[in-house]
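Each chain, written out:
Protein chains: 2
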Amino acid sequence: MARREPKTRNTRERLLSSALDAFSTKGYASTSIDDIAKAAGTTRGAFYYYFSDKADIARDLQQDLWRSIAERAQSVFDPSLDTLSNIKRAFATHLSEVNQLESVRLFLREGFLDPTLEASGRVELEWGFDLIREYLADAMDKGEIGRLEPTALAGILTGLFEVATDRALAAGDPVSITEVVNALLDGLVPSEQPANLAQLRRIR
Amino acid sequence: MARREPKTRNTRERLLSSALDAFSTKGYASTSIDDIAKAAGTTRGAFYYYFSDKADIARDLQQDLWRSIAERAQSVFDPSLDTLSNIKRAFATHLSEVNQLESVRLFLREGFLDPTLEASGRVELEWGFDLIREYLADAMDKGEIGRLEPTALAGILTGLFEVATDRALAAGDPVSITEVVNALLDGLVPSEQPANLAQLRRIR
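Which chain is which? The protein sequence lines are V and E, in order.
Heads up: the first sequence begins at 1 in this note's numbering, then just goes up one per residue.
Heads up: the second sequence begins at 1 in this note's numbering, then just goes up one per residue.
Don't read these hints as lab results, they were simulated from the structure.
Check the hints yourself; a few may be wrong.
It does not matter which identical chain is meant; a pair holds if it fits inside one copy or across any two.
Derived lysine to any residue pairs resembling SDA-like cross-links, with alpha carbons at most 25 Å apart [to be verified]:
1. Lys142 - Val175
2. Lys88 - Thr178
3. Lys38 - Gly27
4. Lys26 - Ala46
5. Lys142 - Ser176
6. Lys142 - Val189
7. Lys26 - Gln100
8. Lys54 - Gly27
Between the sequences and the hints, there should be enough to build the whole structure, so can you do that?
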């Protein structure tokens, strides 16, 4: 998130910024609404004007963070490359972005662990489902990946990325995890087979 | 779980059996301790003698269910087959077992969704972590699968199986999901390369 000078930001932005600082340093559970309001130089009343409770502001922050990570990951898509290469590039960027957000990594991970926050993290990961499903369906038509049930494949892949993100947030080293994900993705390359058999499978 | 005649079972077993029936038909959240005690022909006092609360008896049931599924999956391991084939067989058996437990499928899925139950499901899935990690390390040494960081690989694979189990419990059709998992696992087959390069990579 871009940081602006306090005086130029409105109360809602100051509350968001203070909450992110507090969640990242003290942790979500240990931060009170009073902590956030005080750090933002405002009141509990102002907090409740903008947010219904602590989970509400945390979900907004998580959504902003995941959205900016997703935008970076989507920005590396290159239409001149094949689908699997693009998925690998996007996912490696995603994990690397997650890892670079050192100061908010624990807070991001809390989005996986705290049941009241988990849903918002999942919502942001949904961008992956639609994007990947669309790319996968195209890639099957082009013969770049083998025929599989597209919804099952998209569901498993987004789940796999979620698991990998969780592991990277916990372990803090995205390289080994990216290598494992890339190897698994290579399994989607169609095995060589006679063209007419491939045709039959597609029709079935 | 094997059903015995009520008269030959002790109170704890009757409570477990009644709880499983109630959780499977009414759902975990809608079942009270009184419901369980009444159906077992006993009292709240007896319930609290054996279990600390509703989550406690549910965790015991989840553990029993996951353990019996895991035992069936492990039983199909065949030492004469390669590691990837064994993992595929075990996982296909696992998903098929999960799916066959029609009456308790919703309760099993609640083990993923309810935060107080989730941990016990995770514990049972841990059998997968140790088993798979050991098999994967062996398989890397034998050259059956490519070199990857074993802990990262085992972590991602157990997470992948957890995701696939969750999707199968939700969707109720394990076949497409098994096909997707098998395709991804095929990505672990080492790519063909000169023997001395493979050797170098192993040493590095």
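Unmet hints by their number, sorted upward, for this structure
Hint check: nothing fails, all pass.
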